[in-house]
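Those protein sequences? They're chains A and B, same order as listed.
In this text, residue positions in the first sequence follow full-length UniProt numbering: the first is 1, and each later residue adds one.
In this text, residue positions in the second sequence follow full-length UniProt numbering: the first is 1, and each later residue adds one.
Simulated from the structure, these hints should not be mistaken for laboratory data.
Among these hints, one or two may not hold up.
Claimed, not checked - Here are the simulated lysine-lysine pairs, DSSO-like style, with alpha carbons at most 27 Å apart: (1) A:K109 <-> A:K185; (2) B:K427 <-> B:K386; (3) B:K386 <-> A:K101; (4) A:K46 <-> B:K178.
Note that the structure is a prediction, hence the values are computed from the model and not measured.
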Amino acid sequence: MANTTSGGASAPKPSSSVKLVLLGEAAVGKSSLVLRFVNNDFQENKEPTIGAAFLTQKISLPNRIIKFEIWDTAGQERFASLAPMYYRNAQAALVVYDLTKPTSLIKAKHWVAELQRQASPGIVIALVGNKLDLCADAEGSGDAETAPSEGGGDAETGAEGAAADVEAETQTDTNARKVPKREAKAYAEEESLLFFETSAKTGSNVADVFTAIANSIPESSLKSGRGGGAAGATQAALSGAANRAEEARVNLGERGKDVKDNCAC
Amino acid sequence: MPRLANDGDDHNTQAHSSPSTPQSPETTIERSKLEVPRPPLPPRPTNLSTLRSRPSTSYQEHGSKDGLLSGTTTAVTTTDVNTYTTNDGSRKLHTSIGSRSPSSSTLKRGVIGSPRLSDTGDSSSLRSYVPQLETREEVSSLFGDHITEEDDEGNSRPSQDVFSSQFEADAIDIDFDKEFDSIPEVDEDGNNEELAHSLWRSKSKHFMILSAAGKPIYTRHGSDAVISGYIGIIQTIISFYQSSGTSLRSFSSAGARFVILSQANLFLVAISRILESDSQLRLQLEALYMQILSTLTLPNLTHIFSVRPSSDLRRPLQGTEVLLSSLADSFTRGSPSTLLSALESLKLRKSHRDIINNTLLKSRVDELLYGLIVAGGRLVSVVRPKKHSLHPGDLQLIFNMLFEAEGVKAGGGESWIPLCLPGFNPKGYLYMFVSFLSLKNNNIRQAAAEEEIPKEDAVAIILISANKESFESMRSVKNYLVHELGRSRSLATIQNAIQAGRPLPTDIIPGTVLRHFLFKSKANVQFFMPSFTSYETPRLRRRLLSVYHELHASVHTKHASVKVHHSVSASHAALAWVTPMFELYCVAGPSTGRNALAHSANKVVQWVQKEEERIFLIGGAVF
Ligand SMILES: Nc1nc2c(ncn2[C@@H]2O[C@H](COP(=O)(O)OP(=O)(O)O)[C@@H](O)[C@H]2O)c(=O)[nH]1
Ligand SMILES: [Mg+2]
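Looking at chain A on its own, in the form it has when it is part of the complex (with noise of 0.2 Å):
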């Protein structure tokens, strides 16, 4: 990924963090998003994340670094009451559906939902649609280029030839698309959502969406100095031990601080 860094950016850019949650019912793919960002890489018949998964990845914009402090979520049933833990202090969030699935992007909207009314006012909202190289076409929607899988196959090629192309196994539908791309992006307008199409397995669009994500951050909610929360904490954490406890209330205390004293001014 071009516009990643693995740490040693250069000296004078300023960096930021900002803690990003991903939402979604489980098997969308929030996992393999995060995967494919961090680590540049995928995999199939992935086992469910358990509880929640707390990951950084920096990202290099022209005037300032970003660092992500990303929280994926299980998104079973049972873990939907511990949410609002991982959306508290939020300063952006993935909600991520499965565009083979309806019923999945009917649980993204109630995500959005929710985070509207419990999370920070200026939380930006991202809504994905994964999984797009399971489609064979491109929606007719004059989007051809958000569905680079395709390898050139055309709608006259039958689905078949395109689908054999993506991957073999899992390709018995020719187009495994149930949610048009022009429902979700009208939802998405209304909402005034961010909204994208990706696929977490060819990587398609999934640096786009964090990206997009990071240039919409207000600048007003940028917390301004190097570190940030995990900076912080390890500067805890070196300090000694005598009064450990102490120390990561305190931490936590600031964190909490900076972020309103921010959003005031």
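Starting from the known structure of chain A, arrange chain B with the ligands on it as the hints suggest.
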């Protein structure tokens, strides 16, 4: 290591009746204070014969099973939940005193911590049988040399044991190339139905969970279409027995053993073609049940079915199937840890472990309940409050989740996982912070997502809190630990210990005839074993584990009068030796004589004594 209180053990002493009355009836000892008393079970064949000629059915009085949760306290023992070693896995301890086979007690299972307390109780019960044991002299000459050395309390003499000897049938092999393959879905027109069924039947081992209403909840093999018929039959049989006021516990059919664990709203069924005792299978079912509780908690589980008895539990359990399956498969492959209900520790010098323990202690924050460092499923260090012990059954669930299943390990980054530890408290969730470290090339960093960490090499820092908001604080504890352990070169020490691997039997005892052994320290609820070098393939390893299963069963049957058990087959000679302090299971080549085995067994015990503080986590970091 966790000090586990020995609730219930003090019952042992008083409850033993005098062995001198030849026809004295079976004595039932209540295992736990919370338990509903229950009439004794019908007499059973002694010793190994139970394994060979399995009774076609056995059942117990209905309604006496009050679940796995009896006796759950904050200070826990292995004996609470999943260490039932009586032959039928019953929760009571039964001692039968017959005229033909004077029995000693095989009641004692390991208790982490307070060895003195538990040993006194147990050994006094043992002692009461001594005068009856006829073959005592033979044994005492066998182990005579070392009795005094390892017997500082003067009450755990192997000479008190009875010797038994058996010729074993070799275990049936599992086809590991196919055992874990998935069975194709039955297609709509049912063309491959026949194939699916025959594949299903070809599996050596099945685990199935169904609701009391007969709804399938989980099956290791096959889709609903394949198993629905079997589920129906099993449910019919179970309810037939239920309607007559008993609950079916096990039966045999077509060369397979069926064991059923009935819980309030669930039936858990194991079907095995491998030679395993009922109690061993029951132990496995109990672990699966604990996994369900761990996902849902007991009140949630009860609530779901009280609202609607026909509820489909698969929805709330979503994501748990992989954990159930990795547990199930580890049982099918054979797990020393499950067999012994004990944990393995990473071998470290005491001074090194002390440094790690102290670092853990210093890292502590108020919200931290338990902190563990675990290397490839082996304990490195544990920090815990004085009043809360760790339940090996709970740790088994955690280790399965982290080291057997892929979900957490492969996810990369750090995890924050709500889970219920039923041994600790079946009613509520705890929150577990997990971070895998990559120690390769002494270059310590957090493992990257998807980094291939072989199971044995994975090192995890596990921090458990009751506060769901304490992720950041746990994370800072981890950062501190990584920093401090790096500074004290402890991480390098851990890595070296992992790389060194388990020693060969011949590293331990030069020139020994032993190919492998399991040594369980009851006081520490931990075991030690050498490397599996001569058992590299899954099939060979399973065979070895089957030998251990048989040995274990033979010294743990309810009526076992045996403290030393010798067995020979075409492929091996083996020895089990059980004292109040330890259990030792040794395997050597088939032509190995009894004396050579015994000699090596003694050497192992000597070695363990010398190395005890390195191979076991003793005490640990307690606050
Ligand atoms: N074909 C295809 N499969 C995907 C894609 N993303 C994820 N998957 C698969 O969908 C399943 C669920 O993915 P996972 O990332 O675990 O979903 P999560 O539960 O939302 O985190 C896995 O088997 C993935 O391999 C994608 O873009 N295309
Ligand atoms: Mg996931």
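Here is how each hint holds up against the structure:
Restraint check for K109 of chain A and K185 of chain A: the C-alpha separation of about 12 Å stays at or below 27 Å, so the hint holds. Only pairs whose Cα atoms come within 27 Å are accepted, and K427 of chain B paired with K386 of chain B is accepted, the gap being roughly 21 Å. Pair hint K386 of chain B plus K101 of chain A does not hold up; C-alpha atoms about 51 Å apart against a cutoff of 27 Å. A C-alpha spacing of about 21 Å is found between K46 of chain A and K178 of chain B, which places the hinted pair at or below 27 Å, so the restraint holds.
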